[in-house]
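Trainee: First to last, the protein sequences are chains A and B. Sequential numbering of the first sequence, starting at 37, is according to this note's numbering. Sequential numbering of the second sequence, starting at 1215, is according to this note's numbering.
Keep in mind that the hints are not guaranteed to be accurate.
Unchecked claim - In the BS3-like style, the derived pairs of lysine-lysine whose C-alpha atoms are separated by at most 25 Å in a straight line are: (1) B:LYS1221 - A:LYS46; (2) B:LYS1373 - B:LYS1396; (3) B:LYS1373 - B:LYS1362; (4) B:LYS1221 - A:LYS111; (5) B:LYS1248 - A:LYS46; (6) B:LYS1221 - B:LYS1258; (7) B:LYS1269 - B:LYS1248; (8) A:LYS113 - B:LYS1221; (9) A:LYS53 - B:LYS1248; (10) A:LYS113 - B:LYS1269; (11) A:LYS53 - B:LYS1221; (12) A:LYS46 - B:LYS1269; (13) B:LYS1396 - B:LYS1386; (14) B:LYS1248 - B:LYS1221; (15) B:LYS1333 - A:LYS46; (16) B:LYS1362 - B:LYS1386; (17) A:LYS46 - A:LYS113; (18) B:LYS1258 - B:LYS1269; (19) B:LYS1362 - B:LYS1396.
No lab work stands behind these hints, which were simulated from the structure alone.
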Amino acid sequence: MLAADEDILKAAEDWKKTGRGVAIATVVQTWGSAPRPVGSNLVIDDQGNFLGSVSGGCVEGAVVTEAIDVIESGKPKTLEFGVADETAWKVGLSCGGTIRVFVEKVE
Amino acid sequence: MRLDILKALNEERAARRAVAVVTNQDSGEQRVVKVADVRNDPLKGVLEEHFRSGKSGMEETAEGNVFLTVHVPSPKLVITGAVHISQALAPIGRMLGYDVTIVDPRTAFATAERFPDVKVIAEWPDVALPPIGIDRYTAFVALTHDPKIDDPGLTMALKSDCFYIGALGSRKTHARRLERLKTERGFTDNDLGRIHAPIGLDIGAVSPPEIAVSIMGEIVQRMRQEPS
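Build the full structure now, drawing on both the sequences and the hints.
Mentor: Put into structure tokens, the structure is as follows:
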């Protein structure tokens, strides 16, 4: 983890402390060429604000939408993005890789 | 993730201590494991491996499928010599996420104007380096050519467990340097083998920024690839 990732999880903590609904998305698995390594984080609040990245910008929009659901329901979700899922998610990774993203609420 | 877990995680990271979050994929249970507590953890072996590589990942264990998020401190780049190569190396290091510090007792060199956005300490390495804390996440680079400045810096780096040590100078200069470090400071050949010299990857670098690229390339290689 490099310095750039450092502020993201601190932001999640700070956002939560100010009363915002917060979710953390983490890349848990990758296959083929994936733009961001396993462990990369995207932090999302209930207003759709986000920090960090789980891909090169290809699927963040979809993750943010799902994260808002997770914040409302409190139930974690595992999302998969890749070539095969292009029709399902209407987004995919142009690099041809596949990534699995775990989205959880900060409780 | 519970807020107390997130808080504990951020505390360890702020203190520059390696830490992992273990998430059970089946039960959803989560816990924080500090690097100091690894030896008492049921997943000791797997965790140690991940701390070594600094990589997060999924593992099948006796506890079931777990996802390990590993956080190791951001790396530091400590340079003796506020020289031309350093002026290129500092911003490259910063771009790669390194916390960069330049040490040079020559006040004409060590100025904030020459090195915007990085820490510049106009002191001798003996004074400047101890508070910086050269640890296993640190790369140390000696660029002054001047034994009075480089040798004390190299001495401290060699006594630490930093992951990279590089020193600028021709083969001849380096041979003389090794001789001094042996006779004056008591290092063995084994110790001195940690110093990368001639410094940097062999890419035919000529200009100071090119040399900076070759040095940074070697640092990245040393950090990311298993030692052969």
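Trainee: Which of the listed hints are not met by the structure?
Mentor: none
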